[in-house]
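Q: Read off the chains here:
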Amino acid sequence: MSDPTEFTLAEARDAVRGKKISSVELTQAFIAAMQAARPLNAFVTETPDRALAMAKASDARIAKGEAGKLEGLPLAIKDLFCTKGVRSTAGSNILGNFIPPYESTVTQNLWDAGAVMLGKTNMDEFAMGSSNETSYYKPVLNPWRAKDSNAALVPGGSSGGSSAAVASRICLAATGTDTGGSIRQPAAVTGTVGIKPTYGRCSRWGIVAFASSLDQAGPMTRTVRDAAILLGSMASVDPKDSTSVDLPVPDYEAGLESGVKGLRIGIPKEYRLDGAPPEIDALWQKGAEWLKAQGAEIVEISLPHTKYALPAYYIVAPAEASSNLARYDGVRFGHRAKGTHEIAELYEKSRAEGFGAEVRRRILIGTYVLSAGYYDAYYIRAQKVRSLIARDFEQAFAKCDAILTPATPGPAFPVGAKSDDPISMYLNDVFTVTVNLAGLPGLAVPAGLTANGLPLGLQVIGKAFDEATVLKVGRSIEVAANFTSRPETWWRAP
Amino acid sequence: MSVDKDTVRRIAKLARLALEEERVEPMERELNQILAWVEQLGEVNVEDVPAMTSVVAQRLKMREDKVTDGGQPEAVTANAPLSEDNFFVVPKVVE
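From first to last, the protein sequence lines are chains A and B. Numbered per the numbering used here, the first sequence spans residues 1 to 494. Numbered per the numbering used here, the second sequence spans residues 1 to 95.
In isolation and in its complexed conformation, chain B is listed as follows (with noise of 0.2 Å):
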C-alpha cells in the first residue's frame, strides 16, 4: 500500500497538523519509504496469532472509585499560553 499527495493532505488534516503545500511531496515520499518497509510483516502467517494487548501477563490494576487529587485550578492553568480566570482561552468555537 502506498499513499498519494491527496491521502497525505487527509492524514495531516485528520493529525490537526497544518503541512505547507510545498512539503506535500517530500512527505509523500518519506511516509511510501517507510511504508514499503514495513510491508515485509505481510509475509508473516499470523493467523490464528492473537494481537498483543498487555505487554507483561498483569490483569489491568483496579482502584477504589475516589477522588485523590484536585481542586487545584491555578496549578491545572499555569502553563497556558492563554487563560484567564482559571479558564483556558480558545478562539470562538459556537456561532
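Extracted from the complex, chain A is given alone in its bound form (with noise of 0.2 Å):
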C-alpha cells in the first residue's frame, strides 16, 4: 500500500497485526496528513510527539506478542474528553488552559486497546452547535465542497472537528459527543459513519458535562465495520459512571455481515418534513428500497410527538447545561477575571469573559426555566412529553426490529449561513434529537450525493443496547449505497 492513510481502522488493524507496516509508519503518515491539513482547523490541538511515542510502544508490545484490539491505530480525540496530561478545552475559552489531571474512561479504554492520540479535535463550545462554529478556537472547515465552488462548508457539529479529521483521512476514526445530534449529524455532512450508542452504553467520566441525561460518546469513523470496532473498546462498565450500564460489551462486528432478512425496518410518517429538500426524500425512499431488495420487511409506523421533539430538548438540555456549567466559577479551574474584589463579581466577570454568546444564552434559557415559579410549566412539562416521546419508540418497536429516517434536513450549508438564527440552526437535530430523548442507539450512515456533490446520510434507530441489529442495518445500507465519493484535497498545499 503506497498511502497508509488510504487505510479503513479496519484494514490498518490487520495490516498492522499482519506486521505489513509498523504503527510508527502508520502514525507518521497521519501525523503529515494533519499536519498538511491545517487549513480545515479540525484540531485545537495536535500531540505528534506523544502520538509517536505511543505508537514505538506499540511496536514493542506487537513485537512481544502482546497487541491489544486497536493495538498501534491513530486516533483522534474530541476535545471533550479529558485527555491526562493534555489541554482539553471543550472548544471554550473558560478551559483554554486546563490540563486535567485525569483520563477519561471512553479514551482510557483506548489507550488500554493500544490506540495512538494524534491530538484533540475542534468542536462547538461545550458541545453546543450544529456547524463548529460556536468553537472559541474558530471554525472548522467541511471537506466537501459543493460541485464548482470554492464556498467554505461547516462539518456539521457539535463534534466537526472529528468529523473533518475523518472524511478527509487524517485520522483513522474519532471520537464524538452526541447530546442532540452531534455525532450523527456532522457524520451526515461530511459522508462519514456515526453511531450514538443507548444512553449509559458508554462511561460519561471524564468527558465534559454539557446535559448529562442526553450525553453519550460514540464513534466517527469512514466504514460501518470500523464504528463496530471502535465502540466495542469505547464501550464500558464503569463504576466511575453511576449511570453505566451493568452490561457485558458485545463484539459488535461479529454479526456485522448477516444481513437483514426478515427484519421489519419501520417507516416513521412524522418524519416527512414540508418543505424539506425533496433530495431527503428521496434518498430516504431509496434506503427503504434497497433494504427491502435485502429481504427485509418495511412497516409503517407512527412517532405521534415528534414534532415536540426540539422544543422539549431546548428546554431540558440548557436546564442541565445551566447546572453543569455552574462549576465554572474561576476558582478551582478555568479562566478568571483579573481585577475583583468581591466574589459575586470574580464569579459573573469569569463566567462573562469566559463563555461565548451560545453558552450565554442557553445558562440563561436553563437558569429561567429552572428557576422558581417556572419550573413546573417548562421543565416538568418537558420531561413528560419526553416521556411521550421515549412510549412513541415503545410502542413502534412492538412492530419493527428497527426504524429508517433521513439524518439531517439537509447537506452541509455555508459558513456564516445560519449563526444569526438560533432557530433555525436548532432545526439541523430534527431528526436525531429524539433518540437522545428517548436514550435509544441511532446511526448516521452515508448513503448519496445531493445534485451539487454533497453526501447526505441515513439513520438508523434501535431499541435500547440492540447497537448489534443498528450496525447490521447500517451495514445493509452501506453495501447497497456503495458511497465511494470523496473530497477533493483542495486543502493541501499543491
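Hints listed in this document are in silico derivations from the structure and should not be mistaken for laboratory results.
Going by beta-carbon spacing under 8 Å, a handful of chain A positions derived as facing chain B:
| no. | residue |
| --- | --- |
| 1 | Pro239 |
| 2 | Tyr347 |
| 3 | Arg361 |
Partial selection, computed: residues in chain A whose CB lies under 10 Å from chain B:
| no. | residue |
| --- | --- |
| 4 | Thr198 |
| 5 | Tyr199 |
| 6 | Lys240 |
| 7 | Val245 |
| 8 | Arg332 |
| 9 | Arg336 |
| 10 | Arg360 |
| 11 | Ser387 |
| 12 | Gly439 |
Glycine included, each C-beta is placed from N, C-alpha and C at the ideal position.
The two chains are supplied separately, each in an independent frame; assemble them into the complex guided by the hints.
A: Below is the structure:
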C-alpha cells in the first residue's frame, strides 16, 4: 500500500497485526496528513510527539505478541474528553488552560486497547452547536465543497473537528459525543459514519458535561465496520459513572454481515417534513427499497410526538447545562477575571469573559426554566413530553426491529449561513434529537450525494442496547449505497 | 410566557453571568424568540404522564460507602488560576 492514510480502521488493524506496516510508519503518515490539513482547523491541539511515543510502545508490544484490539492505530479525540496531561478545552475559552490530571474512561479504554492519540479535535463550545462555529478556536471547514464552488461549508457539529478529520483521512477514526445529534449530524454532512450508542453504554466519566441525561460518546469512522470495532473498545461498564449500565459489551463486529433478511424496518410518517428538500425524501425512499431488496420487511409506523422533541430538548438540555456549567467559577480551574475584589463579581466576570454567546444564551434559558415559578410549566412539562416520546418509540418497536429515517434535513451549509438565527440552527437536529430524549442508539451512514455533490446520510434507530441490529442494518445500507465519493484534497498545499 | 428586561437581568444575576447593559435588550429578544418557540409544548396533553426521571430502565446503582480516591491536593489545585499551599484563593468573603 503506497499511502497508509487510505486504510480503513479495520484494514490498518490487520496490516499492523500482520506486521505489514509498523505503528510508527502508520502514525508518521497520519501526522504528516494532519499537519498538511491545517487549513481545515480540525484540531485544537495536535500531539505528534505523544503519538510517536505511543506508536513506539505499540510496536514493542506487537513484537512481544501482546497486541491489543486497537494496537498502534492513530485516532483523533474530541476535545470534550479529558486527557491526562493534554489540554482539554471543550471548545471554550474558559477551559483554554485546562490540563486534566485524569483520563476519561472512554479514552483510557482506547489506550488500554493500544490506540495512538494524534490530537484533540475542534468542536462547538461545550458541544452546543450544529456547525462548529461556536468554537472559541475558530470554525472547522468541511473537506467537502459543492460542485464548481469554493465556498467554505460547515462540517456539522458539535463533533465537527472529528467529522472533518475522518472525512479528510487525517486520522483512522475519531471519538465524538452526541447530546442532540452531535455525532450523527456531522457524520451525515461529511459522508462518514457515526453512532450514538444507547444512553449508559459508554461511560460519561471524564467527558466535560453538557446535558447529563442526554450526553453519550460514540465513534466516528469511514465505514460501519470501523464503527463496530471502535464502539467495542469505547464501551464498558464503569463504576465511576452511576448511569453506566451493567451489561457486557458484545462483539459488534461479529454479526455485521448477517444481513437484514426477515427484519422489520419501521418508516415513521412524522419524519416527512414540509419544505424539506425533495432529495432528502428521495434518498429515504431509496434506503427503504435497498433494505427491502435485501429481504427486510418495510412497515409504516407512527411517532406522534416527534414535532415536540426539539422544543422539549431546548428546555431539558439548557436546564441541565446551566447546572453543569455552574462549576466554572474562576476559582478551581479555568479562566479567572482579573481585578475583581468581591466573590460574586469574580464569578460573574470570569463566566462572562470565559463563555461565548451561544453558551451564555443557553445558561440563561436553563436558569429561567428552572427558576421558581417556571419549573413546573417548563422543565416538568418538557420531561413529561419526553416520556411521551420514549413511549412512542416503545410502541413503534412492538411493530419493527429498527427504524429508518433521514439523518439531517439537508446537506452541509455555508459558514455563517445560520449563525444569526438560533432556531434555524437548532432545526439541524430535527431527525436526531428524538433518539437522545429516548436514550436509544442511532447511526448515521452515508447514502448518497445531492445534485451539487454534497453527501447525505440516513439514520438507523434501534431498541435500547441493540446496537448490533443498528450496525447490521447500517452495513446493509452501506453495501447497497456503495458510497465511494470523496472530497477533493484542496486543503493540501500543491 | 415571555421575559422582560428586568427578568433578563435577574436571571443573569441568578446564573452569575455579568451582562453588560447593552446586551440586555438583544438577549431579551433572543430568549423570547426561543421561549415563543418552545411554547408549542403547551398543546400536548400531559395529564397522568409521569415526568421522565431515568433515561434507561435501570435502578440507580449503589456502591459500598468507602473512600476510593483522594489525598491528592496538588492534583486538585493544579489547574486553579490562583492557589497557595494547596488551597484555592478567593476574594475575602467574610468580614
